[in-house]
Structures are given as structure tokens and as C-alpha cells.
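J.: What follows is the residue order along each chain.
Protein chains: 2
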Amino acid sequence: MANAEIVAIGSELLLGQIVDTNSAWIGGQLALAGIDSHFQTKVGDNLGRIVGCIRQALERSDAVILCGGLGPTQDDITREAIAEVLGRKLVFQPALYAQITDFFTRLGRTTSPNNRKQAYIPEGAIPIENPVGTAPGFIAEQDGKAIITVPGVPHEMRYFMEHSVLPYLRTKLGIREVIVSRVLKLFGIGESLVDERLKDLIEEGTNPTIGLLAHTHIGEIHVRLTAKATEQARAEALNAALEVKVRERLGEFIFGVDEETYEGVLNALLVKAGRTLAVAETAFGSSVAQTLKTMEGSGQFFRLGVTVVTPETAQKLLSVPVSLWQDGQGVNAATAKALAEGARRLAGSDLGLGITGRASEEKGRDHLIHIALASDGKTECSEQQWPARMRYIENRMTKLALDQVKKHLLS
Amino acid sequence: MANAEIVAIGSELLLGQIVDTNSAWIGGQLALAGIDSHFQTKVGDNLGRIVGCIRQALERSDAVILCGGLGPTQDDITREAIAEVLGRKLVFQPALYAQITDFFTRLGRTTSPNNRKQAYIPEGAIPIENPVGTAPGFIAEQDGKAIITVPGVPHEMRYFMEHSVLPYLRTKLGIREVIVSRVLKLFGIGESLVDERLKDLIEEGTNPTIGLLAHTHIGEIHVRLTAKATEQARAEALNAALEVKVRERLGEFIFGVDEETYEGVLNALLVKAGRTLAVAETAFGSSVAQTLKTMEGSGQFFRLGVTVVTPETAQKLLSVPVSLWQDGQGVNAATAKALAEGARRLAGSDLGLGITGRASEEKGRDHLIHIALASDGKTECSEQQWPARMRYIENRMTKLALDQVKKHLLS
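Chains A and B are the protein sequences, given in the same order. Going left to right, the first sequence walks through residues 4 to 414 as the working numbering numbers them. Going left to right, the second sequence walks through residues 4 to 414 as the working numbering numbers them.
Just so you know, these hints were derived from the structure itself, not from any lab. It cannot be assumed that every hint is accurate.
No distinction is drawn between identical chains; accordingly, a pair holds when it is met within one copy or between any pair of copies.
Within a straight-line C-alpha distance of at most 30 Å, the following computed DSBU-like cross-link-like pairs (lysine-lysine) qualify [unchecked claim]:
1) Lys381 <-> Lys319
2) Lys120 <-> Lys248
3) Lys275 <-> Lys202
4) Lys248 <-> Lys319
5) Lys120 <-> Lys202
6) Lys148 <-> Lys120
7) Lys248 <-> Lys231
8) Lys275 <-> Lys319
9) Lys409 <-> Lys275
10) Lys175 <-> Lys92
11) Lys175 <-> Lys275
12) Lys231 <-> Lys92
13) Lys231 <-> Lys410
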């Protein structure tokens, strides 16, 4: 199997001032393209050490992708290091410089003399234009291997990878196999249970393979099906056949696939149902209102979010009896129901959500959440307890509240 | 200067399923301890390649810190790789195993047979106990160099670094110099202006040095003063003398130092002032309410957050005239003021914040924000325009709203 190595360049990465997320993303993309990446290295802005890293990478890999160090400042020496490794000089490319000045002009700014430096690439290298930023890149071939540069700015790097680098590598490395993934997204079930229900499929799976990934901060489990074939359609068919089996066992928990998000799925459902919604929260922040309001087209369904802390305000605005707050925080089903009904009444909406909760840092005392949903003539409340060690409870709570709405709309 | 290299182990890191934040953190800690780290490498769960990485690191560095691969599964082979490099066998440590079983007992779980594997360390190595997790580590010395293991779980890794690894390295590498940093945090001024005002200090600064870091997603500029001395007190005095000069030039923008956050500073101010606050938002989500409510002791000052999307609800609840929403989104000073006054009236609070805003994806059309603050007898509104390409506008808007409250409290 072909392989490519990644070298991220910048002293700020070594000093921990910036976390290198680029290498991880590039590694994921290479894997999807069927290209192994056995090593990823971070190195500072030091010519000798960058040169050493490139030489080593070329010895053990088919290609090396250098990320960063293409800017206009003194520190940016990726070009010079590559020129040294190749034993070629850097030559000025008027076409690249024209693009740089053009980009600045569009931003209403002017280039500084340093920007000229960015238009130099090693003799004989293939330039990569940068329509989304100022740093052009290039691909230099030598002895059948390739040195590739991409900018350190994440969105520019991604543009380079998608439009130039991955297509180049697929051709260069003669990759005929297509690797296609399909991700099934689950909510409302734990990782170990998913593992148990899919155990035999996971063990016998060679093509497609099944991988599980728990996104604990949002309470989701992602089941990734990955098939290889010489044609896209064949790989997709392999995944589709396996997806049928997975859905037979776990269908009720699958809310979406691939790029779909839980929020997006609910959003579409709310718009389609044409029902309006209001929410009153006393737990943590105002994260349910935040999530609903920032959904696309929220004006069609979101009517009101009320965030309160004190019993007095809850009573005045939402008619929640102060007597319910006997425990000091009003964390009980009756309060959640009163909040839900109060929000619905105040907003004149079809549905009302009411949320109370208490986070716990103490061992032996659980996190406690109540989520109530008021609709025409009925208010239902669910209770959740999580162990004190569990994190991301606000995200999980928000998801549960949305899930309660989703189930109501589907019932 | 002494140096240590970091090798992060795990195929999931190369595949981009997890971003390696550990190396960045360790790199930052090493720098603070006066230890250079010239290279950071990620390598997969492959014995030969891990062995190769360790050998190379030992050739060019005084110490190598291996992060991850200490778990109980088949994939976890960091121990075996080190044993091979050292040419020593792995020996069972009953004391470490007792700690592992004890940790499981405290969690109410039992160890699996695989956990025994975690109690093996290379012959002659110094064990590192793990009171915060299940994977013990060790330090193995050979030919004057050190191989150190830390777990891949971030909070366990940090515990190891702080309690065992950094103290060991300081002694081992004979580091007598103390490096002390002080971070001054600024809001309300751009990076280039800070750079301009401190230019001469930055250029002449050798000890202490001055470093600027822009945190654009929260609109803050951090000015880091870093001094070296043989004693902590001397380094602190050097920083303090420079801080005086920086404050003379930029004092009005400095809201806190070191671990202080903008939210924490405002929180303390609100509690001290004893004034209550309500907020009504039509822009984006409900991020100002979210931020205020999640502050510690918010019950003392936060009274109400109202999040609305439609003119009808804003009129009904907050008496904002529907006629103000002529532009369709009610993004104007009059609406912001009416929201602020409405929130204050509805909550019966001392202060009311009203926020309207519009994000723009279109070139040539700016993001537009209005933030109004209503107090007894006076409502003031500020307007902000940002170019359409600017990101993180919700965070910046929230910070500006908090800043308006802060200025009011301090005036």
C-alpha cells in the first residue's frame, strides 16, 4: 500500500501555543483515499531540522506533505528547506505573485514587500494556486517521490488537499481502489450495547469493516461501515447490504447518516410538522433555547426561550409555584412540568419544554435532570440520573430534550 | 539547553479519529521548565515503528516521553517496544498490580485478566504510580538518557507530568534556571495596535521576553512576559518591572492576568456590585444569557434571559413595537433599546441588556450588532459592524455585551 508522511512545521506547535489539528485531518483524508500514513512529525522553524525531517520522510515514504511555514515572514522557511533537500534554487513565479496581489486587492489591502517571497517555488516544481488565501503551494518530484506543501491555515489546507493534493496522490500512487465509508449515527444507546448487538458482524467483517466510535460529549455512537472496491458503486453496494443488517438490530436508535446531525434532523422535522415551541430552563445555562434558536429557519417554529435562576422570577413569569423549590433548586418533576406549561402559555406555542437540573461534583450524589414536554392537554416528564463522574451533562441533557420533542412529533 | 522529545502512540491519532492534544500540552510544560522539545512524533500501534521512533529520539535528545499505548488491550505495546530498545525483559510488579485492582474496586468494578499486563515494567525501571487511573507508567534510564511513559488519557497524562515527570527531568537534566511567565489579558484592542504600542519593548526584550498571542475566537490579546532567573522570586520581579511598563501603555485594556477569565472578572464585579440583570436577545442564539447564567453564583445577579425570534412574541412579552422590525429582523438601535427596557421591566431587575444582530455571509454586507443597556432612567446603545468574512461573531458579541455591563459597573 502506498504511503505518505505528514510534517507539520512551526515552533508554536511544539510550544503548545497551537494544537496541530491539521495532521489529524490530513491523516483521516489519506486513510479514506487508501493511503497509509505511518508517521506524523511536528518540527519547529529551524532549517536544519526541517531538512532532516524531509530527508527522513523521503527515505521511508512515497510522499511527504509539509504543512505550514509558507507565510511571508522570516520564520517561514519551508520553501528554503525543500530547495536545500532537492538541491534546486527557488524561482519567482509571476503568475503566483499576480494571484497574491489580486487576493489582497479583493480584501481591500495592499501586499507588503515580504509577500513577494511567497511567489518563489523550487525550479521545476508544479505550483498549486491558492484562491482562498495568500500562500501558494507546490509539488516537487524527485527520484519518484513527491514533496508537497500546504498552508497551515486550516481552511486553506483543506482546500489544497481536496482540490490538488489528494487527486495528485491518487494518480501518482496509482490508487485504483476506492474506499467508501458510510456512517450510521445513533443516539439513546450505550457503546457496549451497540458492540454486543453487532459483535458477530464486527468480527466477521473484512470488507466492509465496521468501526464504532463513541462521541461521549454529545452522547452519540457512530457506526462506520467501510468498503473497498475498484468502483464507487460496488463499494456503496457492499456498505448498503451491511447497513440493512445493522438497521435490523439497531434501527430504532439511528437518527441519521454521514453528514447529518441530530439538530439538523430535528430541525427538518419541526419545520415539516409546522408546530411551534417554547422552552423554559432553570438547569445550567440556556442551552436548549440556544440550540433551537440557532437552527436554520428557527423563526418558523421557535417562539420563546426563558432562562431563570430564582423561584420568584419563575413564579412571576411562568406561574411556577415557589413552594416547589423546597429543595432550594427546584429540581423535581413538578417544577419541570410547571415550567413547560408556563413557557407554552406565555409564548402561545403548540409545545412547551421545561427543564430543571442539578450538576453534582460530589461522589455518591448523582447529576439529576428533569425534562417536561407540555402539549395540548398533556404534560409528560422524564427523569435522568447520571453518576457524578460523568461529563458533558449539559450537552447530553440538551440532546435528551430534543429527543423528547422528536419522539412527540413522530408519535 | 537540555531537550526532550515527545512520541504520541496510537493508530487512532494517525487516522485523525482523535486529535493529539497531549503533545502540545507536554511541549508547553517542557518549555516552561526550560527544556527544549525539537520534535514531536505520532506513530501507530506497530512494534517495529515504535521501536524505530524511540531509537531515533534517544540519538538526538536527552529524554523521550512516550504518550499512550499503556492500556490493557492487544494494541497497547508501548511496554514491549521499550523492552526491545533497552534489551531488558518486562517484570511483574505486585505493588503496581495492587494499585490497579484497588482503583477498580473503588469504581465498583473488577479487573479483567488483561489488566495484569499493565503491571509489567522493564527490569530496573522506576515505576510511576497512577492514583487517577489504571495505567501505571515508568522511567527507564540507559546510557545517561531516559525513556519515560505517560498514559494517553489527558487528565492522567497531566497528573504524571506534574507529579513525576517534570520533577524528574528538572533534577536529571540539572536545570537550575526557573522560567516564570505572566500573562496580561486584553480585550477591546486589536493585535496590530498592541504590537505597535509595545514594539520597542518587544524588540529590546531578552529577559523578560514579550510574546503576543491573539485569541481571535474570544476577541482577546494575551501579552506573555517570560523571565528566567536562578530563583523564582527574581524571575517574578523581572516580570513585575516589565508589567508596570506594559500597563502604562495598555492598562485600560487589561482586564485580568494569568488564569483569570473575562467572565470570572465580570462575575466577581456583579456579585460585589449587588446589582441584578436581565437580558433579551434576538440575535443568533441566547449566548449572553447562557454566559451570565452559567457564572458561579449567578442566582445573586442574573434574573432573566428571554430569547425570541418573532416580532409578535417580542411585542407581547417585552412591549417591543412590531413596527420596529421593518427590516424584517429588527436589527436597529431602537429595537435593542426596547428589548433592554422590556427585559428590565419584565424581570424587575436593576439592569437590562437588549441585543439584536444579523450575521452576513454576503461579501460587501457587514455583520451588524446592536447592544443596549437599560438602567435607572437611561438606556444606551452601541453599534458594531464587522466585515462579512469575520468569524466568531457570537463570541465577540457576547464579550462586547459583558463589556458594556462592566463599564457601567465601573463608571
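J.: Please go over all the hints and tell whether each is borne out by the structure.
T.: Comparing the hints with the structure gives:
| no. | hint | result |
| --- | --- | --- |
| 1 | Lys381 <-> Lys319 | both (23 Å within a copy, 25 Å between copies) |
| 2 | Lys120 <-> Lys248 | neither (57 Å within a copy, 36 Å between copies) |
| 3 | Lys275 <-> Lys202 | neither (37 Å within a copy, 58 Å between copies) |
| 4 | Lys248 <-> Lys319 | neither (53 Å within a copy, 52 Å between copies) |
| 5 | Lys120 <-> Lys202 | between (56 Å within a copy, 24 Å between copies) |
| 6 | Lys148 <-> Lys120 | within (25 Å within a copy, 41 Å between copies) |
| 7 | Lys248 <-> Lys231 | within (18 Å within a copy, 63 Å between copies) |
| 8 | Lys275 <-> Lys319 | between (34 Å within a copy, 26 Å between copies) |
| 9 | Lys409 <-> Lys275 | within (12 Å within a copy, 43 Å between copies) |
| 10 | Lys175 <-> Lys92 | within (24 Å within a copy, 44 Å between copies) |
| 11 | Lys175 <-> Lys275 | neither (48 Å within a copy, 66 Å between copies) |
| 12 | Lys231 <-> Lys92 | neither (42 Å within a copy, 41 Å between copies) |
| 13 | Lys231 <-> Lys410 | neither (36 Å within a copy, 61 Å between copies) |
This entry does not satisfy hints 2, 3, 4, 11, 12, 13, going by the numbered hints stated previously.
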